[in-house]
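Residue numbers (UniProt numbering), protein chains in the order written: chain A, 1 to 436; chain B, 1 to 436; chain C, 1 to 436; chain D, 1 to 436.
Quick caveat, the hints were computed from the structure, so don't treat them as lab data. Among the hints, a few may not be true.
[Unchecked claim] So these bits of chain D aren't anywhere near chain C, every CB distance computed over 10 Å:
1. A11
2. E25
3. P41
4. K42
5. R129
6. R328
7. A405
[Claimed, not checked] Take a look, some chain A residues computed to stay more than 10 Å from chain D by CB distance:
8. Y5
9. D32
10. E46
11. D60
12. A172
13. H200
14. E278
15. G282
16. A290
17. P293
18. E296
19. R313
20. T407
21. E410
[Said to hold, decoys possible] Subject to a maximum C-alpha distance of 35 Å in a straight line, what follows is the list of computed DSBU-like cross-link-like pairs (lysine-lysine):
22. K204(C) x K384(D)
23. K384(A) x K346(C)
24. K346(B) x K42(A)
Ideal placement from N, C-alpha and C gives every residue a C-beta, glycine not left out.
Below, each chain spelled out in residue letters.
There are 4 protein chains.
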Amino acid sequence: MIPRYARPEAADLWSPQTRYRIWFEIEAHAADAMAELGVIPKAAAEAIWAGGKDAIWDADRIDEIERTTRHDVLAFLTHVAEVVGPEARFLHQGLTSSDVLDTCLAVQLSRAADMLIEDVDLLMAAIKRRAIEHKYTPTVGRSHGIHAEPTTFGLKLAGHYAEFQRAKERLAMARFEVATCAISGSVGTFANVDPRVEAHVAEKLGLAVEPVSSQVIPRDRHAAFFAALAVTASSIERLAIEIRHLQRTEVLEAEEPFEVGQKGSSSMPHKRNPILTENLTGLARLVRSAVVPALENVALWHERDISHSSVERGIAPDATVHLDFALRRAASLMERLVVYPDNMLKNLDRLGGLVHSQRVMLGLTQKNISREDAYAAVQGNAMKVWRGEGRFLELLKADPVVSKAMTDAELEALFDLGYHFKHVDTIFARVFGEGA
Amino acid sequence: MIPRYARPEAADLWSPQTRYRIWFEIEAHAADAMAELGVIPKAAAEAIWAGGKDAIWDADRIDEIERTTRHDVLAFLTHVAEVVGPEARFLHQGLTSSDVLDTCLAVQLSRAADMLIEDVDLLMAAIKRRAIEHKYTPTVGRSHGIHAEPTTFGLKLAGHYAEFQRAKERLAMARFEVATCAISGSVGTFANVDPRVEAHVAEKLGLAVEPVSSQVIPRDRHAAFFAALAVTASSIERLAIEIRHLQRTEVLEAEEPFEVGQKGSSSMPHKRNPILTENLTGLARLVRSAVVPALENVALWHERDISHSSVERGIAPDATVHLDFALRRAASLMERLVVYPDNMLKNLDRLGGLVHSQRVMLGLTQKNISREDAYAAVQGNAMKVWRGEGRFLELLKADPVVSKAMTDAELEALFDLGYHFKHVDTIFARVFGEGA
Amino acid sequence: MIPRYARPEAADLWSPQTRYRIWFEIEAHAADAMAELGVIPKAAAEAIWAGGKDAIWDADRIDEIERTTRHDVLAFLTHVAEVVGPEARFLHQGLTSSDVLDTCLAVQLSRAADMLIEDVDLLMAAIKRRAIEHKYTPTVGRSHGIHAEPTTFGLKLAGHYAEFQRAKERLAMARFEVATCAISGSVGTFANVDPRVEAHVAEKLGLAVEPVSSQVIPRDRHAAFFAALAVTASSIERLAIEIRHLQRTEVLEAEEPFEVGQKGSSSMPHKRNPILTENLTGLARLVRSAVVPALENVALWHERDISHSSVERGIAPDATVHLDFALRRAASLMERLVVYPDNMLKNLDRLGGLVHSQRVMLGLTQKNISREDAYAAVQGNAMKVWRGEGRFLELLKADPVVSKAMTDAELEALFDLGYHFKHVDTIFARVFGEGA
Amino acid sequence: MIPRYARPEAADLWSPQTRYRIWFEIEAHAADAMAELGVIPKAAAEAIWAGGKDAIWDADRIDEIERTTRHDVLAFLTHVAEVVGPEARFLHQGLTSSDVLDTCLAVQLSRAADMLIEDVDLLMAAIKRRAIEHKYTPTVGRSHGIHAEPTTFGLKLAGHYAEFQRAKERLAMARFEVATCAISGSVGTFANVDPRVEAHVAEKLGLAVEPVSSQVIPRDRHAAFFAALAVTASSIERLAIEIRHLQRTEVLEAEEPFEVGQKGSSSMPHKRNPILTENLTGLARLVRSAVVPALENVALWHERDISHSSVERGIAPDATVHLDFALRRAASLMERLVVYPDNMLKNLDRLGGLVHSQRVMLGLTQKNISREDAYAAVQGNAMKVWRGEGRFLELLKADPVVSKAMTDAELEALFDLGYHFKHVDTIFARVFGEGA
């Protein structure tokens, strides 16, 4: 995890203390269920909760024990006994370490998903506000980086909003995928632990019961989880690339917020660089890099091998924490993005009206000019504009083929921006609901 | 696409003829809607259907035209005019090529998803049959490749069944992701085409309407699609690895079906190699390789660039066709897998009863021996078994600490396999429903 | 392999006929060596060459035989016997199929590398010619997409040339990695084949001897090979992205060649889209997608498993053929790239001289103004330019702090482009040698 | 970076203190060169060295300054001035931050490569020692996980040794790739800094001069670097998978060293799990995951964007430190690997002599039995062995076809292990040189 790209609230999900708390809860809830089943004394379960509920676990001490036992869960249980007292011997009966580890990971990933969904909500709210603000701000639509036809800046943002709406649904699915509890013993047969213990722990932790665990929770779930994060990261990248393009010197239709006192460059004081969105581009690559190892983690040997563990110690905190950071950064950025509608208009007009060429072509065909002739007329005049030999509207008016088919007024009507925006409302209603 | 790993039915989804048929349907349905709206003559729309409905499109001719126009959809439309006649000039009005291309891809990917879901059903049916057959076939559960505790072969298979059940749900979600129609014009504003045209085409093709398209359907959808395929491929790999392990000479608990007349090796005639599952392992890598380029396709520039196109020409057929092949091969293999219950039992007994060690340890603690003493007693005798100094049960009976705590009969009861299988039914009910 | 992105010469490397020819050569050279060693009759080796040297192998017939034997090399040998006659029984003695398959792959990958190196040479030649042509064509250097300081278009190209020089060296290393021959038998012990056979075949095919093969040539070699291709693909992407940026409507400093008769868009006739470089961007993603499966192929089980085979049937042809296509397309594009020096100058001047700000700042510090004061003066005036309140030079002349430190002539001298180009020659000499 | 998989010596390469030291050296060497060129006073350069040479830089203070300036190099320079005094104002003249950052990264990656090469040396030394120890330890060679023919454990290890020899060469190339220095200013034109400054710094730091930098060192170099690490990681994975297989309960030909006091499992005290090699398998996935983002970093926009930076803050420390850890762990493991030659022999004999089948087949064809008849005879008897109906040698002696062609003594000679090992020396000489 790169501290510079980690919010403390997010990083805390992966702290030793958080992990130990969850471990304790799993063990203590399991003890409750066992006490209920008569496997261990009820008083023991109560004593465990009493002694451990509010404990601050001593990570250094646990590390010290682990240096001898070389086993993290055993080291923790030894420390619990130090804190809670002799009743701790009733803990973990019939459980295997993975019951604790995998269920804990499920809790952590679920919480991470909740956090990421909240982040997406923040980002969506920011995009929505700006989309509505710029619902009818004209800007040029570009395909292949080349001016195409007019659109609005709000429509651009509506597309990103809809994409993050999908990201949110995918994250909700991802949460659903990983939110399962396994307390099933060494090879998942419940030989030494009653399935009702699992059911109890699952309910208390807000998890579903894993239908078949085999010491471990199957890793296809985690692969699907990280894939959802990766797609979300790519959606952030798409937004970031859009802004980076808009901030290019030659385009300058929008700019990242520039803090007072911030130095853009050590050597070129006039520069305002889109470093936030460039950073988001890089973070997207980092978050995506979790997908392949997560996929490679699926095919564990037989009932389990532990090759997935080191991978997850890396990708689980890194991908969730960096994606959280990226989503928050994107949200803050979108809230404060500086938009230049005047520059958008200037750019839109840059080609002397060429962005209306398709409309002119269609207009001509509606005047019973063949598609080929219309195409030729439009392309010919377009090329003149391209070479700087005039503005499109004037050239068309002067073109014999065109002027024979259309009056000047008819031609002028074809250059009306409103024509392009007549369905903006329809699209906004699809995305934001009626009335947006 | 590697022909050797392509079923004709699957490959056909991606043939030029299939593509042209879908293109025609999109254009002709759009024409219907335009006729209904009065934009083009109804007779034209009818003539188009009449002339093109059952046409076999001439791919060579279209290629020939494309060599001049350098534009695939225009080449197709020119050919349609050759076949359908002059009414074809009413086609494609207000549409952009991507309206056709992207909606066609949506149809193809949806059909591919349907096919893959059917494949998973076949595979699940095969696994279920074998799982029920071997519900109580004892086998050793292995963690880290080392014998752990008894389980049943049916339970192993139940785990794979549950995993493919999840794969099926993910593929259904993936289908949902990509099954959208966009008929929205050059930059998605519907400037020259009424949104009702899109609605009509979508309905006719069984697609949803894409809420915001920007000449293209956003590529986060496709990234999520290929990610679902990749996770499915990894689940196949897990199954394949399991079988490859079981077929190892030293294990030989199961074998791939061996055809009469098949030569396993040019040089070692006794060999029966798990080549089908090794092949599935390789195919899983191939299918997974679509994920990264699909993620890289998301961040297109502005309203679109066409960098995604060449990528999709590769990964869309390859990943779907090879995954279909892999699922079918896996299904056929599971149907005919040769299982050796005797060898499973022999292996289970291989460690002289050590697989019961945890149960013995728990049994001792229930006799008021401390966890540490129980652990020491079990570990000591286990090490003797390991060194070949006797079978576990006999050694335990002779151990002073153990024999003081337990009678021989009590010890023998701890070695009962049934103890481990008492919850098999519970797990089967979770996976296959009650009564499986 | 996507036919549209495959040159016939490249695809032919992977045709069945090419493969069978190489197989025959391997077997026949091995027969020569065995004859020399007295293992088989010399007459047999001669008869084999006589019968097979110019044979056109019947791929359909071999497929037919394979449907029975389910073994490709055995099917081929059976067919060789049909063509060459009974002496063919002396072929393949002591060999294992992989001796033939892996050595053949080494030949194919080596030839592919040779082809790719030739392609890079073509591309480098094109870039060099254009770099020298534009050695002193001024253009703005951009960091973060924002104007920074002047550079020349030739310098930009020199950077790409140097990068492809490195690509060439990496491809040469990649060729070296894979160009090994293994004729070592079932587990690589030479139990049934003399190492001198391997040495002879290696020499005849221009390969090195694989020091330790284990039925297969180790796959770390192939992973390194595909990694080299992937880095090359990324270098193509960098060039492609540069051109796509330069062709943006707002920038228009260069354009892809536009064929007479080519239609850029079905709907917007004025559009000239950088579709070649967008295509290169996509092809780069495709070529790169071979890296992960190639890395996953390395860890085969024990002496070998065959999981790598299906992967290589896909990635070996696809990655080499598509990279060849991409390099050729890039070379042709660079040969014919349309460059607009006037637009470069216009863009360079777009910020009213701000690109000279760092130089002004340095100039001020050399006049004993503190770095902080110089920074403040420059930034203040830069911001005015940014807001459209004047050109940089005039504002500086009017600034009291600046004008106190420098004369107008001194200031003007700081705006001289030549100042920035004084080391162009040094850099060109590094890249192209003296005198370029 | 996961602390648990980081050696302090490796992690220290990436500590703030190390980074600041390198930054200072770059700046101070540059100052020397500038003083030599008369650009700044010699006394200033000397004062800078005097004040900063042995300084411990205050990372917290630098962070504090950065919170205002939002620029890491400027913050550092401000702090240097605090420590070194006013002469520090002569630092960084004509430099851009990236000159410092990228050259520093080159130093760090070069040092990391040196460390990794040393690690590979350790691993190779361990493998070599064990290979020589087990040069003639018979073991079965396995293809597809199925017994094939005899080989020796030394030969297996020789293959891994040769692979790490290649890894070492690749790491040396990777070091060569990244070890370049760029001190060329804002867009790489040396506008404000003499190329001789770059040459001086490069020489002092043991780097080559980057022929064309464009504010940044081109990232194809780094992509090639991380690719070399990824291939090395996959070679570790191959070794790890081999050991994991050998340690399987049913195979048990080797075991990871087991520490006294170590608990293998909390619940199954007899278990010795190959957790080190499973961990290496996971670490290989982690190290490999750097490849894709490194490839995606290549295509920066124009002269540079900063998207690569966040990626490298993650992958540069993580991939180098975890690979170092994995190589050291692998070396230590190979030093102490517990090998069971008796079990190897037992397994080799497990198939009742079937591993000699190819040799028998060849023997029969040398007795003028046709390949088909020999194959049939061998396969028939092999199948009997397979079904447990006898040992191969005895069955062959009793077979009428075989016994007619060969005496019992001739048959017995075909079962001699020495036959398979006659070229072990040849292969060892290839790998370790003569006399190994």
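Right, here's what the structure says about each hint:
| no. | hint | result |
| --- | --- | --- |
| 1 | A11 | holds, 25 Å |
| 2 | E25 | holds, 22 Å |
| 3 | P41 | holds, 13 Å |
| 4 | K42 | holds, 17 Å |
| 5 | R129 | holds, 17 Å |
| 6 | R328 | holds, 19 Å |
| 7 | A405 | holds, 17 Å |
| 8 | Y5 | violated, 6 Å |
| 9 | D32 | holds, 21 Å |
| 10 | E46 | holds, 24 Å |
| 11 | D60 | holds, 13 Å |
| 12 | A172 | holds, 26 Å |
| 13 | H200 | holds, 20 Å |
| 14 | E278 | violated, 5 Å |
| 15 | G282 | violated, 4 Å |
| 16 | A290 | violated, 7 Å |
| 17 | P293 | violated, 4 Å |
| 18 | E296 | violated, 5 Å |
| 19 | R313 | violated, 5 Å |
| 20 | T407 | holds, 46 Å |
| 21 | E410 | holds, 43 Å |
| 22 | K204(C) x K384(D) | violated, 43 Å |
| 23 | K384(A) x K346(C) | holds, 20 Å |
| 24 | K346(B) x K42(A) | violated, 42 Å |
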